[in-house]
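Start from the sequences, fold in the hints, and give me the full structure.
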Amino acid sequence: MNKIKFFLCFLCIAVNASAQQKPVAFKGALIYPINGAPIQNGILVVQNGVILSVGNDEKAIPANAEVILVNNKVIMPGLVDTHSHLGGPEGGDYSNPINPEARAMDAIDPTSDGFKKALAGGITTINVMPGSGHLMSGQTVYLKMRDAKIIEDLLFTNEKGVYGGLKMANGTNSMRSGSGFPGTRAKSASLVRELFLKAQAYKKKIEKAGKDSSKMPERDLAMEPLVEVLTGKRVVHFHTHKSNDILTVLRLSKEFGFKPVLHHLSEGWKVADEIAKAGLQASIIVIDAPGGKMEAINLTLETGAKLEKSGVPVAFHTDDGITDSRLFLRAAALSVRAGMSREKALEGLTIVGAKMLDLSSKVGSLEKGKDADFIILSGDPFSIYTKVEQTWVEGSKKYDISNPADRAFLTGGYGVFSSDRGEFHHHGDEEEDTKSGN
Amino acid sequence: MKKSFLFLLVSIVSPIYLLAQIAIKAEIVYPVSAAPIKDGVVLVENGKIKAVGKATEISIPSNYKIYESKTVTPGLIDARTLIGMSGVLNIPVDQDQLEKSSPIQPELRAIDAYNPEEALVKVAREYGITTIHTGHGIGALVSGQTMVTKTKKGNTDEVVIKPFSMLAMTIGHSVSEKFSSPGTKAKQISMIRAELMKAQVYMKKMLDKDSTKHPTFDLKMDALSKLLKGEVKALITANKAVDIMNSIRLSKEFGFKLVLDGAAEAYRLIDEIKKANAEVILHATMARNEDDMLNMTRESASILTKAGISVSIESGYEGYVPKTRIVLFEAGLAAAYGLTFDEALKTITINPARLLGVDSRIGSLEVGKDADITLFDGDPFEYTTNVTTVLIDGVVVYDKIK
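Taken in sequence, the protein lines are chains A and B.
Position 235 of the first sequence, counting from 1, maps to 235 under this note's numbering, and the rest follow consecutively.
Position 203 of the second sequence, counting from 1, maps to 203 under this note's numbering, and the rest follow consecutively.
Any given hint could turn out to be false.
[As the list claims (entries may be wrong)] The calculated label-pair distances, taken between Cβ atoms and stated as ranges, are:
#: 1; chain 1: B; residue 1: Ser181; chain 2: A; residue 2: Asp273; range: 42 to 48 Å
#: 2; chain 1: B; residue 1: His173; chain 2: A; residue 2: Lys215; range: 56 to 62 Å
#: 3; chain 1: A; residue 1: Glu101; chain 2: B; residue 2: Glu158; range: 57 to 63 Å
#: 4; chain 1: A; residue 1: Lys198; chain 2: B; residue 2: Gly378; range: 35 to 41 Å
#: 5; chain 1: A; residue 1: Gln40; chain 2: B; residue 2: Gly378; range: 21 to 27 Å
#: 6; chain 1: A; residue 1: Glu274; chain 2: B; residue 2: Asp399; range: 30 to 36 Å
[Stated by the list, open to error] To give an idea of the interface, some chain B residues facing chain A are shown, with a C-beta separation under 7 Å as derived from the structure:
#: 7; residue: Ile28
#: 8; residue: Ala336
#: 9; residue: Gly338
I should point out that these hints are in silico values taken from the structure, not numbers from a laboratory.
Built from N, CA and C at the ideal position, the CB exists for glycine as well.
Below you can see the structure in the form of structure tokens.
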């Protein structure tokens, strides 16, 4: 019996090892490494889940490598989606506007077929956000699109040692009639300021205690992530649309010394210079048409271009189910339509987002030593006719358009998606608007 | 004296000012009704198309203002939308598409609610959409009437082409969500049948030669009579196969003209749809595939077109962000998922023009048709291409350069 177990175990290791050891070279594509100029007839070599080399020198292909010809294709890094709701992250409930202790990871279904949409869209790293509808919806979670049975299979720990940020919001999103919820913008800001003052005091107690555990304050689930925010370990991802609300975030950032990533930014174009001056980064949503809620009536495709011009680092996000993960490249393409540079638009799909999540040492560009996360495209990344043909995560192929079962997730069809995906049911009272059709 | 002078001034100046004579030169002109023309020219005079052809064959009169672009298409048509009825703000005061006081209200006219100044009408116009089929919404068995209108500014009576185009109906999950009754599919169908039977009786009485035997004029019955007489079509939003079949069964029983709207699962019922002579408007596939649209596929337009069904594409309805889809983008996606370029262009030009019964005026670039024209700086469907100029009835209503 034990012998059999041992044998099986040995088999596992052997299979794993052989699958991992042989280098694979992708030869002939136009490669956008992102950290440098595009490479014609490029060669990407990967092994053991990481990138061995990127260039166009045939000598870089190891003798034992499997060579895959990808002539006329385009290769770029796996895309980084800085704001999504795939998997059903939920977050805080409506008993309270401030829920720093609620973790998205405790709610997400790691086997959700929503994640298949991400792979079909070329997305390999995702910041799944809880909420929305709170001043603080809870802790976000950074996921890598590996095979998963349990959420731990997907967790992606960053350079700061955490695998998530903290979701905040202001404006009408978090104003509602519920216990303790703010009814005005000023009240929203004051509630958050009080909270951070409390967190500062808690942090001080910890610092004062030093190594003396008897002097440590009692553990406080709500305060702990906030202390991480104040020390710069955990990033605040801040939903904010209107220009006045954006300026409120800038004010909070200055007062408490944290550097949030600004999300959505329908009116970011109005205060692009102010955002640049504050040294903050922008994660924007790109939507076909304005409206649908008051915060978004001045939304424009030009947001990316205007922010770029002011020098603000711009990443894109899907906010899936608001926009579709399968069309993530389109967000950047429409921004190019409205004046953004191709270069910055490509960076916005990859390295800029990776930096926002403190994951740029591992993903976001094709560089030696980074994770072998990349996508193979049929053509120009910004063409509507281009398809993501393959999505690779840590050296293994997770999506292949030539496989009918994978392709079905791209097109949709009868019985392809289950009806219990989580991404459509996160928008609190806004969901009521969706449903009412009114 | 003063009055007549003013009149003289207006009558001399306004036609020249409003209906300037325009020549459009483009690397490719897509007339839709004919093969694409390389290095083409379109001449516009007095609001109508005067000539379409090769630059070498058409001489441009010297007093014509010239617009140049890479590509030119007919003004685009959105086969079904709620813009102008369902406003950008998405708050009760700007939502006029669905009256929830009763599930069957065919008497509600779109022209009484449509707002030509609505922000989203401008958005559509600037994407080259020059005509829309808009009106009452989804979510009621009969929510009201629809209309066909140009997207130009002006009061509704001036811009509308067809004040009463179809009766907007819905069969499916969304109806039972919005009304306490009908609460089930079977009840939905029975309620529609009962109302149409009443209309049959009303109509028969109205045909009596003895006018004293006519029933009292009834707005609701009158609107339903128009459907039964074939003067207007039924626009039935039905996405699931079972709801599409219910629509076909109703159309057969009462002999009305059926347009299937949304039609997410139409690809499962190709033979039935063809047999019923039903027309099809497919919902924007960038919409969220939830509820009745769960089984939607991006390849619907391609599957149906290949099966010989004429497909029109609609922006449809959005209850949240974005408040509307854009048919230009949606047709592009259909082109990326199986339709040829020409077929995709037809889904937002001549196909909806025919379906709406306005193809004698719009839907292609042909001599004598309305000068509704859209100019682009590249392949119209490419993400990175911009609309540069839009004309409605020969007037430039959008010019990007300005």
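Status of each hint after checking the structure:
no. : hint                              : in the structure
1   : B:Ser181 <-> A:Asp273: 42 to 48 Å : 56 Å, violated
2   : B:His173 <-> A:Lys215: 56 to 62 Å : 60 Å, holds
3   : A:Glu101 <-> B:Glu158: 57 to 63 Å : 59 Å, holds
4   : A:Lys198 <-> B:Gly378: 35 to 41 Å : 55 Å, violated
5   : A:Gln40 <-> B:Gly378: 21 to 27 Å  : 24 Å, holds
6   : A:Glu274 <-> B:Asp399: 30 to 36 Å : 32 Å, holds
7   : Ile28                             : 17 Å, violated
8   : Ala336                            : 5 Å, holds
9   : Gly338                            : 9 Å, violated
Comparing the model with each earlier hint shows violations of hints 1, 4, 7, 9; every other hint is respected.
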